[in-house]
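So the sequences go chain by chain: A and B. First residue of the first sequence? That's 1411 in the working numbering, and the numbers climb one at a time after it. First residue of the second sequence? That's 6 in the working numbering, and the numbers climb one at a time after it.
What the hints contain is simulated information worked out from the structure, not anything from laboratory work. Predicted, not measured: the structure shown is a model, and the values here were computed from it. Using N, Cα and C, we set each Cβ at its ideal position, and we do this for glycine too. Incorrect hints may appear among the rest.
[Claimed, not checked] Using C-beta positions, here's what the derived DEER-type ranges look like:
#, chain 1, residue 1, chain 2, residue 2, range
1, A, 1414, B, 342, 31 to 41 Å
2, A, 1508, B, 137, 33 to 43 Å
3, B, 134, A, 1532, 32 to 42 Å
4, A, 1492, B, 270, 54 to 64 Å
5, B, 282, A, 1492, 18 to 28 Å
6, A, 1414, B, 244, 45 to 55 Å
7, B, 323, A, 1508, 18 to 28 Å
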Amino acid sequence: MYSPTVLDHFKNPRNVGEISEADGVGEVGNPVCGDMINVYLKVNNDVIEDIKFKTFGCGAAIAVSSMLTELAKGKTLDEAMKITNNDVAQALEGLPKNKLHCSNLGADALHAAIKNYRDRQANKAVSGEGEKVPHAPEKIDACYCPYCDMENKGEAPFCKSCGADLPHEH
Amino acid sequence: MSVVYLDNYAATPLHPKVKEGMHQIVDNVFGNPSSDHRFGQAAAEALDQARQQTAALLNAEPQDIVFTSGGTESVNHAIKGVAFSQREKGRHIITTNIEHKSVLNTLRTLRLVDYKITSLDVDSHGLVDPAAVAQAITAETILITIQMANNEIGTVQPIAEIGRIAKERKVVFHTDAVAAAGIIPINVKELPVDLLSLAANQFNGPSGVGALYVRRGTPIWPLIEGGVQENRKRAGTENLVGIVGLGLAAEMARLEMPDRLPRFQALRQKLIQGLQERIPHLVFNGHPTQVLPHLVSVSVEFIEGEGLMLLLDEEGICVATRSACASGSLRASHVLIGTGMDFALAQGTLLITFGRDTTAADIDRLLEVMPGVVQTLRDMSPIYQKSAAN
């Protein structure tokens, strides 16, 4: 089901943990909707000197978090902002189609942490508090079935073409 | 590394006697049971014997057994077959919120063609209230379909009581007994059910074969149509090798059940107690006493079940996060949500099911490995930290 790279990063996750006195914290998702990723940054001269994560989620979510920290470490903030969900999924040699949403969460958490750092620099954020990005359901009029790619309307509970459950939690 | 297999709800290894019997058919019998010559008759005899063996597991009449391609087909046949047969009487069907997907998705299709479905709530143990079933029946009700035992939490429903209500109100009653048949005793001479679904792979028979018990006189339209096989209820040349496997598995399950039941109960007790002693913040699901003896559903707080399952697999212990048929789904189990559990906790659920080969040593191994694996994942979890701080 998972690629060897995904399994490696899941079983031996890199950069697990928290950074005390982190310069930026991003927190996305919540355990109710399935996954939650927290990313902690130590920034020096606009470069991500250290990065750690804590994740509640499936094997894919943990592997995504681990790979994400590997990709981001040592990058400038501008470079790190350009890391996309797709980059993470590709570095993991692909994710099962129904787990792609986990990679979205990963990049979101990184970007939220960077934004949090920049806000703190601009004195916008309350010190010590990470920025919380509520992972609200995407606002879309149409959504595409993750199994057969058929377009379905609004909040349809299942795909009208193949009958698969449509995950609206994410 | 010896491997511990504790996912017997997903699949059970073939009983040696089943394997032997299936080999026998593969080697010696290829005829079509519908042919009147000697090759056909050899096949017909094997089919008859399997029908008797399967009927004996339920204390049913052999002619009331219809062989199918498995539990899912049996359930589809029972529901769609009654819906189609009774379409002029009414279009209302009663079920519960925690049925197997084969029931829920079949009913979903019937909704598309204007059948009305009442789906009853269950309590926190997963039990449905027979009084609620009685209350839901209307003049339009043609079918009640309620599982005998739940496949994710093991709760055994008050089927006898519900059956009496259905009989009194003259509504056809189907019970999906896939999780229960071959595990706990079932006697259709005493149990007022009209239709009952079972699958061989739940009790050391092959996958891809099952049966639908149809009490004589039950109005049911065929699901698979064609020739006159299976008393005109299920067309298509019989899967003789599989059916012989089902028959033998049913016989062995019936013969071994008296010894196996207390053994399962002791293993279950040992596992639950052992986990409670070793790991804090666990929730055990299902009814405390009205429950399948070979199944333990446990929710581990602060972590997600899939990671737990994968790390246990790494240690040579195979368990499930939920029923294999639903594991592709990203949603928290509808069964656990149906019992009122919150989504986060439901995500951390492990399903452990014993089989005839499960030993106390297997349980010891799980008890030895699981605390460390849980701690590894909890240390990685942002909500564990928060809860510890609270």
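Comparing the hints with the structure gives:
no.	hint	in the structure
1	A/1414 <-> B/342: 31 to 41 Å	holds (34 Å)
2	A/1508 <-> B/137: 33 to 43 Å	holds (35 Å)
3	B/134 <-> A/1532: 32 to 42 Å	violated (59 Å)
4	A/1492 <-> B/270: 54 to 64 Å	holds (59 Å)
5	B/282 <-> A/1492: 18 to 28 Å	violated (51 Å)
6	A/1414 <-> B/244: 45 to 55 Å	violated (37 Å)
7	B/323 <-> A/1508: 18 to 28 Å	holds (22 Å)
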